[in-house]
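Position chain B against the provided structure of chain A, taking the given hints into account.
Number of protein chains: 2
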Amino acid sequence: MKATVIVRLKREVLDVQGRAVERALGTLGFEGVRDVRIGKLIEIELGDQAAGPELEERLRRMCDELLANPVTEDYELRLG
Amino acid sequence: MKATVIVRLKREVLDVQGRAVERALGTLGFEGVRDVRIGKLIEIELGDQAAGPELEERLRRMCDELLANPVTEDYELRLG
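If you read the protein sequences in the order shown, they are chains A and B.
Just so we're aligned: the first sequence equals residues 2 to 81 in this note's numbering.
Just so we're aligned: the second sequence equals residues 2 to 81 in this note's numbering.
Treat the hints with care, since some could be wrong.
Below, computed lysine-lysine pairings styled on BS3-like, alpha-carbon distance capped at 25 Å [said to hold, decoys possible]:
1. LYS11(B) to LYS41(A)
2. LYS11(B) to LYS41(B)
3. LYS41(A) to LYS11(A)
4. LYS11(A) to LYS41(B)
5. LYS11(B) to LYS3(A)
6. LYS3(B) to LYS41(A)
These aren't lab readings, by the way, just hints derived from the structure by calculation.
Just so you know, these numbers come straight off a predicted model, no measurement behind them.
Isolated chain A (complex conformation) (with noise of 0.2 Å):
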C-alpha cells in the first residue's frame, strides 16, 4: 500500500520559492507564465497494511501532527 499527501501553501500565503522560479523563467525567456506554486509531494511506503477508514485516519494524523504545517499549508491524501 503506497500514501501520496500532496502539501501545497495556502492561496493567501505568498510563495516566495514560486515566484523566484516565476522571474528566472521569464529571465530564461519563457513568457506567458502566470503563476508558479511549490508544494511538496510526499510518497509513503506502508507496506502490506489493508487500505480502510482506519489507515486513513492514522495518514490524516501524521499530516496534521508533522508533515503538513496547519497554519500555512493544506494537504491533499491519496491512497493506492
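This is chain B only, laid out in the frame that chain A set:
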C-alpha cells in the same frame, strides 16, 4: 491552461529529508512506515495558451533548464 511538474529524486539517490520524516513518524508512534520519499510539486499557470506539442516542448525545456536537476532528479509533466 495549467501545467503540473512533479520532480522526484532518482531512486538511487538517498533521500535525506524522506529518511528524517520516516524516523520522526516512528518516534511519534506511527508504525509500519517502510519508506518515505519527498519530491516537489510545481504548479504553473499559463493563462490562455493552447495545449499541444509546442507547449509541451517549452515545458520540457523549463524542466531541463531550471526546474529539475538532471543528475539527481527525474520529472513528470502533466498538462491541463
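Here's how the hints hold up against the structure:
1. LYS11(B) to LYS41(A): Given that 25 Å is the threshold and the Cα spacing comes to 16 Å, the pair holds.
2. LYS11(B) to LYS41(B): Between LYS11(B) and LYS41(B) the Cα gap is close to 13 Å, so the pair holds against 25 Å.
3. LYS41(A) to LYS11(A): holds, 13 Å
4. LYS11(A) to LYS41(B): holds, 16 Å
5. LYS11(B) to LYS3(A): Roughly 18 Å separates the two Cα atoms, so the pair holds.
6. LYS3(B) to LYS41(A): holds, 17 Å
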